[in-house]
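A.B. asks: Here is what each chain is made of, one letter per residue.
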Amino acid sequence: KAGVTQTPRYLIKTRGQQVTLSCSPISGHRSVSWYQQTPGQGLQFLFEYFSETQRNKGNFPGRFSGRQFSNSRSEMNVSTLELGDSALYLCASSQGQGRNGYTFGSGTRLTVV
Amino acid sequence: DAKTTQPTSMDCAEGRAANLPCNHSTISGNEYVYWYRQIHSQGPQYIIHGLKNNETNEMASLIITEDRKSSTLILPHATLRDTAVYYCIVRVGTGGTSYGKLTFGQGTILTVHP
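Sequence order for the protein chains is Y and D. Per our numbering, the first sequence starts with residue 1, numbered consecutively. Per our numbering, the second sequence starts with residue 1001, numbered consecutively.
If we strip away everything but chain Y, and leave its shape as in the complex, we get (with noise of 0.2 angstroms):
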């Protein structure tokens, strides 16, 4: 079956502008988190989305929001991009809470500048 897809791939935006990423979750899986990463702070949380509700969340400022619509896609935005907002961001999809592990997907790789 297919897996985790994101898009795009990779992304270039200037200071200030907004972004706006998609992740499409293995069929049937209901949650979704979404990841931050870079080389100096690593895999960081961002939040977790299940049946269009926020479950969890990391400690990230407000600029960064997400969403999940009712076929569980679920897409997350970052408004005023700052320089070190520069990372890879992944999303990993699960049935329920991940007892059995998550799936992740290839992430977009995010350039500021």
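FYI, nobody ran anything at the bench for these hints, they're computed from the structure. C-beta atoms are modelled at their ideal positions from N, C-alpha and C, and glycine is treated no differently. Each hint should be verified, as a subset may be incorrect.
Stated by the list, open to error - Okay, the calculated beta carbon distance ranges per label pair: (1) D/Glu1066 <-> Y/Gln17: 52 to 58 angstroms; (2) Y/Gly96 <-> D/Gly1029: 19 to 25 angstroms; (3) D/His1113 <-> Y/Ser79: 16 to 22 angstroms; (4) Y/Tyr10 <-> D/Ile1074: 45 to 51 angstroms; (5) D/Thr1008 <-> Y/Thr38: 14 to 20 angstroms; (6) Y/Asn77 <-> D/Lys1069: 39 to 45 angstroms; (7) D/Thr1065 <-> Y/Thr38: 29 to 35 angstroms; (8) D/His1040 <-> Y/Phe69: 28 to 34 angstroms; (9) Y/Gly96 <-> D/Met1010: 29 to 35 angstroms; (10) Y/Thr7 <-> D/Glu1058: 28 to 34 angstroms; (11) D/Leu1080 <-> Y/Gly96: 18 to 24 angstroms.
Dock chain D against chain Y, hints included.
C.D. replies: Positioned in the frame of chain Y, the structure of chain D alone reads:
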């Protein structure tokens, strides 16, 4: 979630077993041990998890000590494609602040040599 400690890097010869240790001395009774790996420029990949019994799947084996304070991931016949960063993560299986959240440390860089 309990904190884990892993060696920064390890080497292994191709075809030999790779044994990756992880210390999690503050693990709670309801916390599982999970292993993920990340090959360069890809998303992390789930490998295996366990609560207190040893586990085996097509990718690896997980050995958890009786006191649950440490574990070892075993790749029985390492190949060059197993070169990756391996993360040991401890978390509750369900509920509360665990929703969707995996707390990644720095992991172990495993390099498999020809």
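A.B. asks: All hints, please: hold or fail.
C.D. replies: Checked hints:
1. Between glutamate 1066 of chain D and glutamine 17 of chain Y the C-beta distance comes to about 54 angstroms, which sits within the given range of 52 to 58 angstroms.
2. The hint said 19 to 25 angstroms for the Cβ distance between glycine 96 of chain Y and glycine 1029 of chain D, and at roughly 21 angstroms that hint holds.
3. For the pair histidine 1113 of chain D and serine 79 of chain Y, the beta carbons lie near 46 angstroms from each other, so the given range of 16 to 22 angstroms is not met.
4. Taking 45 to 51 angstroms as the suggested C-beta distance range, the pair tyrosine 10 of chain Y and isoleucine 1074 of chain D does not conform, at roughly 36 angstroms.
5. Between threonine 1008 of chain D and threonine 38 of chain Y the CB atoms are about 18 angstroms apart, so this pair conforms to the stated range of 14 to 20 angstroms.
6. Between asparagine 77 of chain Y and lysine 1069 of chain D, the C-beta spacing of about 42 angstroms keeps the proposed range 39 to 45 angstroms intact.
7. Between threonine 1065 of chain D and threonine 38 of chain Y, the C-beta spacing of about 34 angstroms keeps the proposed range 29 to 35 angstroms intact.
8. Range check, histidine 1040 of chain D to phenylalanine 69 of chain Y: Cβ separation about 32 angstroms, and the 28 to 34 angstroms hint holds.
9. Here the CB-CB span from glycine 96 of chain Y to methionine 1010 of chain D is close to 33 angstroms, well matched to the stated 29 to 35 angstroms.
10. Checking the proposed 28 to 34 angstroms range against threonine 7 of chain Y and glutamate 1058 of chain D shows it holds: the Cβ atoms sit about 30 angstroms from each other.
11. Leucine 1080 of chain D and glycine 96 of chain Y have their C-beta atoms about 35 angstroms apart, which leaves the hinted 18 to 24 angstroms range violated.
The structure fails hints 3, 4 and 11 (numbered hints given earlier, in ascending order).
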